[in-house]
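Asker: Chain order of the listed sequences is U and B. Under this note's numbering, the first residue of the first sequence is numbered 74, with each subsequent residue one higher. Under this note's numbering, the first residue of the second sequence is numbered 16, with each subsequent residue one higher.
Hint data in this document are derived by calculation from the structure and do not stem from the laboratory. The structure presented is a predicted model; accordingly, all values stated were derived computationally and were not measured. Check the hints yourself; a few may be wrong.
As the list claims (entries may be wrong) - Simulated DEER-style distance windows between Cβ atoms:
#, chain 1, residue 1, chain 2, residue 2, range
1, U, Thr75, B, Arg118, 23 to 31 Å
2, B, Val101, U, Glu144, 33 to 41 Å
3, U, Asp118, B, Val101, 46 to 54 Å
Unchecked claim - Under the rule of at most 25 Å between Cα atoms (straight-line distance), these lysine-lysine pairs were calculated in the DSS-like manner:
#, chain 1, residue 1, chain 2, residue 2
4, B, Lys74, B, Lys21
5, B, Lys23, B, Lys136
6, B, Lys21, B, Lys136
7, U, Lys85, B, Lys21
8, B, Lys23, B, Lys74
9, B, Lys136, U, Lys85
Stated by the list, open to error - Residues of chain U placed beyond 10 Å of chain B at every Cβ, according to the derived structure:
#, residue
10, Asp76
11, Thr92
12, Asp105
13, His154
All C-beta atoms in this analysis are idealised placements derived from N, C-alpha and C, irrespective of residue type, glycine included.
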Amino acid sequence: MTDRTVTVAVAKVMWSYYTAADVRDCTVTRTDGQWQMVGSIVSSDALRLSRQPLTLVVTHQHGCLKWPVLEQPQIVDGVLHARLGPLEVPDGYHRQAEDRQAVSQ
Amino acid sequence: MDTIVKPKIVRLSLSDGHYIDVRRRLNTGEQQDMFAAMAPYLVAGEKPQLKSQAVMTAKVLAYLLGWSLTDDGAPIPMSPDLPDGVRMATVRSIDPDVFREIREAIDTHEAAVELEIEQTKNARAGVSDSNKTRSSPDGLGVGRSLESVN
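So that you can see chain B by itself, here it is in the shape it has in the complex (with noise of 0.2 Å):
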């Protein structure tokens, strides 16, 4: 696994011929900067507050790089270089079915991502833990192979 996250852009198809370019996967800072705009006030020992406006959008935003989208033949302006609150505002300004469209494909990429990254770490693992019982020289390579696992 990178240990950096490198930005690497995914297009997204919607429909009409429209698409979105989404960051393939946050880093911890755009992670952490969502969680805060869904939950920015957080108690020690409680359940977070979720800020039920933001939910929806505090993903979105944290994704979204770009679109195609038009408003009566014109091009809506959408990039990460646009300020924070003008981003917020024009999401804000689409259609319900629209931005719904947006979230679900946005939703349903995240999770193919993650189950990616997880199917990579869990056949390197199985491939680190056949080498390790492969090379082990006394045969007792299996027991000693588990315990440095767990």
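Chain U on its own, in the form it takes in the complex (with noise of 0.2 Å):
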């Protein structure tokens, strides 16, 4: 059962610092604990979107929402599919150099 929807005008999946595509009108939903999100691309990069890891990043006026995607993203017609893990980052996270969890010094 469905118990919780962001939908967002935009969004990022992210390889570390780079974009590997961006996305509009997209659904993050989460479903017996499960999340997944689906979203039209607007620009991607096949080699980015094969590495691993990345992160769905939903950006706000307070912050940041982060998911980790848990296997290669499908896209169907110019739609991406991915799924999601937990929710990483809670709401009124504000990202000024603060990307600690990619810091590797």
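Bring the two chains, given one by one in their own frames, into a single complex with the hints.
Answerer: The structure is reproduced here in structure tokens:
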């Protein structure tokens, strides 16, 4: 049963600091505890989309939301589908050079 | 050595507890973009004419991903998502001493990574050569391995 839905005009699939895909009309749903997303591709980079780890990033006025992409996203007729892990970053997170999880040193 | 440069972020400390986040290593495209910013006009057979005001900022902009810098207590936005013009204008507006510290930190970081890569290459080449020598069944491996290396 779907218990949470996030719908946004634009989102990004990131490979670390690189944009792997820009997506519009993105819908993220949680059904029986499993997150997934679907959205129309605006632009994408096949190489970056084939890398791991990928992260779905939805920015908003007060920060951003991030989900890990669990496996290689599928693109069907210009629409990107992906299974997601749990929401990583709480609402209100401010990105300003705070991407600590990606910092290697 | 990796064929594709992995996008790793390295945090470098500045004075006053501040830091910058930088790319560990530039990939070919980023390196070419940096050189193009430094010397946009190339004439075949002539030395590159460097664009002096861009030489110092080009490397900083190529490496810089984010920072903790503030102004009057407010964070100064810096992110690869920002338009190039905004990033350039922001870097050009910071205090020259702060810019110099950032540039020196990036120069040191770049040299350290290049040295690390060179040492890894040399170590692998050494292992590879000694393996060739040891695995030679007829005792003529040294000469053969030198030929194949050179």
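Asker: Determine for every hint whether it applies to the structure shown.
Answerer: Each hint tested on the structure:
1. Against the hinted window of 23 to 31 Å, the Cβ-Cβ separation of Thr75(U) and Arg118(B) comes to about 51 Å, which falls outside the hint.
2. At about 35 Å, the CB distance of Val101(B) to Glu144(U) agrees with the hint of 33 to 41 Å.
3. Here the CB-CB span from Asp118(U) to Val101(B) is close to 22 Å, at odds with the stated 46 to 54 Å.
4. Simply put, Lys74(B) and Lys21(B) have alpha-carbon atoms about 19 Å apart, close enough for the 25 Å limit, and the pair holds.
5. Of the pairs offered as hints, the one joining Lys23(B) and Lys136(B) holds, with about 19 Å between alpha carbons and a cut-off of 25 Å not exceeded.
6. A C-alpha spacing of about 17 Å is found between Lys21(B) and Lys136(B), which places the hinted pair at or below 25 Å, so the restraint holds.
7. Taking the CA atoms of Lys85(U) and Lys21(B), the gap is about 19 Å. The hint holds against a cut of 25 Å.
8. A threshold of 25 Å between alpha carbons decides the hint, and for Lys23(B) with Lys74(B) the separation of about 17 Å falls inside it, so the pair holds.
9. As the CA atoms of Lys136(B) and Lys85(U) are separated by approximately 36 Å, the hinted pair breaks the 25 Å bound.
10. Every C-beta of chain B lies more than 10 Å from that of Asp76(U), the closest at about 31 Å, which supports listing it as non-interface.
11. The Cβ of Thr92(U) sits about 8 Å from the closest Cβ of chain B, inside the 10 Å cut-off, so the non-interface label is violated.
12. With a least CB separation of 33 Å from chain B, Asp105(U) remains clear of the 10 Å interface cut-off, as annotated.
13. Every beta carbon of chain B lies more than 10 Å from that of His154(U), the smallest distance being close to 24 Å; the non-interface claim holds.
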